[in-house]
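Asks: Sequence:
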Amino acid sequence: MIQINRRILSIAGIALFALLTYIIAWSTLFTVSKVVVTGAQQNAMQNLSGVTIGEKLARVEPRAVARKLQEQLWIEGVEVSRNWINGTVTLQITPRKPIGIFAGRFIDKSGTTFDIPGGSSESLPIVEAQTSENGLAAIELFKNIPEKLRTKIVTITAKNADSFELILDEGTRKVLLQWGTNSDLDLKIKVYEALIGLKENSKISTIDVSAPHAPIVK
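The sequence shown begins at 1 in UniProt numbering and counts up by one.
Some hints could be false.
[Stated by the list, open to error] Here are the simulated EDC-like pairs of lysine to aspartate or glutamate, each with C-alpha atoms no more than 20 angstroms apart in a straight line:
#1 K34 / E61
#2 K97 / E71
#3 K97 / D115
#4 K148 / E133
#5 K152 / D115
Don't read these hints as lab results, they were simulated from the structure.
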């Protein structure tokens with residue numbers, strides 16, 4: 001009698017598992033009713049994800065969808081979630097934050113270069129360097145410069161990781177600032193601002209503060 005009961009329970013368990021599998025994977029229940037995108041353009045991300053309305057939720061594998069979306073270099077991170085109650089699939093997109101323009105593309109703090117669909121390069125400095133490592137060194141210098149002066153920077157050139165030049169927009173003219181190494185930042189800024197403010201320097205085009213105690217103007 002006990003064996004019969006166990007057999008019945010076993011058969012019932014298998015039947016229940018089969019029923020649940022059918023409901024989740026094949027029935028009209030638990031299908032995608034809506035795709036919600038945050039952090040990026042709705043239609044573009046939905047199309048790239050491959051998730052379609054009416055698709056079985058069980059067939060939407062979050063990690064696979066995330067990997068597919070992260071093939072886009074401008075995307076730094078993706079979180080994909082499924083709501084089994086209302087059928088909503090949510091795609092949370094974290095785009096990379098550009099901090100400069102390097103080799104005609106955006107560059108972020110990790111040194112990754114990428115393109116952003118419809119992205120604007122306004123207010124971002126142009127970084128000129130032979131390698132992304134040198135480009136990152138230039139960006140690090142840019143971030144450390146106070147905003148008042150930083151907003152004037154048009155171009156940063158990294159000859160190498162320890163030698164930089166900046167072009168600044170002073171309104172009526174562009175000034176080449178030969179910076180040298182990424183050291184004595186506060187002193188170099190004070191020297192530059194003092195020199196650029198002198199009336200007799202109203203026509204100069206170059207200031208060399210690589211040796212801030214002995215600056216050169218041209």
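Asks: If a hint holds in the structure, say so; if it does not, say that too.
Replies: Each hint tested on the structure:
no., hint, result
1, K34 / E61, "16 angstroms, holds"
2, K97 / E71, "17 angstroms, holds"
3, K97 / D115, "11 angstroms, holds"
4, K148 / E133, "26 angstroms, violated"
5, K152 / D115, "24 angstroms, violated"
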